[in-house]
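The residues making up each chain are set out below.
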Amino acid sequence: MKKSPLGPLARKEDLTIEDLPSETVVYDRTRNRMHCLNRSTSFIWKRCNGDTKVEEIAAQLPEVGLPADLDLVRRALKALDRAHLLAGGPASFDAALPSRRQLVQRLGLAAGTAAALLPAITSAVAPTPAMAKSKDDHDKPKKPKKAKKSDLRFD
Amino acid sequence: MHTPTLLTGIQNLCSPQNSAIVAEGLRFGFQTNRGDLAAEFSSAFAPGSVPTEFADLDFVYALEQESRGGLYAAYLESRALVRGASLKDALDSIASDLQHTIASHSRKRLFLHAGVIGWRDRAVLFPGRTWSGKSTLVHALIQAGAVYFSDEFAAIDARGYVHPFARPLCLRSGVGRSAVRPEDEGLKIASSPCRACAIVATEYKMDGVWRPEPLSPGQAALKLLSNTIAVRSDPVKAVRYVGRLVSSATAIASSRGDARVTAPLLLETLDRLLS
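Chains as they are written, first to last, in our numbering: chain P, 1 to 155; chain H, 156 to 430.
Take these hints with a grain of salt, some might be off.
[As the list claims (entries may be wrong)] Here are the simulated DSSO-like cross-link-like pairs (lysine-lysine), alpha carbons at most 30 angstroms apart as the crow flies:
hint: 1; chain 1: H; residue 1: Lys360; chain 2: H; residue 2: Lys343
hint: 2; chain 1: P; residue 1: Lys12; chain 2: H; residue 2: Lys392
hint: 3; chain 1: H; residue 1: Lys392; chain 2: P; residue 2: Lys46
hint: 4; chain 1: H; residue 1: Lys343; chain 2: P; residue 2: Lys12
[Claimed, not checked] Computed spacing ranges between beta-carbons, pair by pair:
hint: 5; chain 1: H; residue 1: Arg262; chain 2: P; residue 2: Lys12; range: 26 to 32 angstroms
hint: 6; chain 1: H; residue 1: Asp211; chain 2: P; residue 2: Lys12; range: 39 to 45 angstroms
hint: 7; chain 1: H; residue 1: Ser403; chain 2: P; residue 2: Arg29; range: 39 to 45 angstroms
hint: 8; chain 1: P; residue 1: Arg100; chain 2: H; residue 2: Lys263; range: 43 to 49 angstroms
hint: 9; chain 1: H; residue 1: Ser197; chain 2: P; residue 2: Asp19; range: 42 to 48 angstroms
hint: 10; chain 1: H; residue 1: Glu221; chain 2: P; residue 2: Pro21; range: 47 to 53 angstroms
For the record, the hints were derived by calculation from the structure and aren't laboratory data. Each residue gets a CB set at the ideal place from its N, CA and C atoms; glycine is no exception.
Chain P extracted, bound-state conformation:
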C-alpha cells in the first residue's frame, strides 16, 4: 500500500525547471503554462519532498529572511497548488488563510519589501505558434476584450 506523504509533495512530472540565483522558472509541459516562483515560494517548493511537514518548512523560513510563520507556508502551498505544481498532499493549506495585507501587518513587514519577500507566483500562458507569429503584413491586431487568465499572479 502506498504510504501517504507526511508533508506536501512537489510535482516533478512534465515540468522543465530552471533555477535562477533567487527564483525558479517552471514550464508546465502538460498545460503549456510558465511560472516564476519568487525566492520564498521557490524555497518552500524545493522543500516539498513529502517527508517534510509544513511546520518544519515554516521553521526554515528565516533562511530567506522571513519569520517562521505557518501561514506563509500555507499561502505558498495554496499558490503552488493553484499553479498545479504540487503532486498532492495534506489539506492543511486549504484552511482559511489571512489576507496578504493581514500577513504584512502581522509580520511587521515594510510595504516595499513585502512584495519581494512574501510568497508569490507569476504565471503566463506559453504563446501558441499562431500567437508567436507576429506577422508584419497583418493589420493591427484587435484590442483584447478583457484580461484573460493568461497572466495571473498567485500570491
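Since the structure of chain P is provided, determine the placement of chain H on it from the hints.
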C-alpha cells in the same frame, strides 16, 4: 527533406526557375514562373543566408504570376500565402513567412520576438510582439548611435550570445509600412554575436514616460518566454537558453512615449547599467 517537385501554384507551368538558400541550417527552395524573379530569392529574404543548390530542401516557396489577369500568388509548399496585384506584397509575404519559419525551426538557435541593438559591445533586447513599437524604438536608438541587430528577432545561441538578424527595419506610420535598410541611412549594423547586457520590457503608450524599474531575472525570463516562438515545441531548450540569458543581463521595465524622446534617455540608462 524532400526532392523538389513543382508546387500546387505552378504545377502546370513549364520550366520554372529555381533558386535556393541555406539559413540557420535550414534549406529553402524558391520556384517561380518569372525567370527574372529567381534572383530575388536571396540573402535579403533571410539575413545571414547563403545561396545553395536546389536539392535536399526543408521548405519550398513558390511565386506565380498568373497568365490570366497577371495576379501574383505566393505559396509555401501547397499553402497559399497571398494572391494579389502587387509583386512587392507577394515577395514581402514570402520574406516574412520565411523568417518566421526560420525562427520556428532553427536547429542552432532560439528565436525570440525582440528588437535588439548593440551598445558598448553588448546586446540589449526589447521583447515584444508586433505593434508594441519595437521597430520604431530600435530605429530611433540606432539613429542615436546604437548598432543594429534586429527589429523583430533575437537569435540566441547555447552560450547565451545574441546573433544579428539584421533584416530591413519594418516601420509603420499612418500611411502604411515602409522597409528601411539601415545601411542606406549610414547606420551601423552588427556583424558578430555578443553577450546581452540588458533586457528592456517597454511598450509605447501615448502618455508613457521613461521611468525604468528593475525587473527580477525570473520576471524577465517570463517576458522572454512569452515571446519565444518555439517555446511550446521545445520548452527544454527555450527555458535553458532564456535562463542563461537572464543570468548575465540586467532587466528593467518601463512604459515609454515617443521613441525619439525615449532613445537618448534609454541609452543614458544603459550607460549607468554598464558603468
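Checked hints:
no., hint, result
1, H:Lys360 with H:Lys343, "28 angstroms, holds"
2, P:Lys12 with H:Lys392, "18 angstroms, holds"
3, H:Lys392 with P:Lys46, "22 angstroms, holds"
4, H:Lys343 with P:Lys12, "47 angstroms, violated"
5, H:Arg262 with P:Lys12: 26 to 32 angstroms, "28 angstroms, holds"
6, H:Asp211 with P:Lys12: 39 to 45 angstroms, "41 angstroms, holds"
7, H:Ser403 with P:Arg29: 39 to 45 angstroms, "26 angstroms, violated"
8, P:Arg100 with H:Lys263: 43 to 49 angstroms, "45 angstroms, holds"
9, H:Ser197 with P:Asp19: 42 to 48 angstroms, "44 angstroms, holds"
10, H:Glu221 with P:Pro21: 47 to 53 angstroms, "59 angstroms, violated"
The earlier numbered hints that this structure contradicts are 4, 7, 10.
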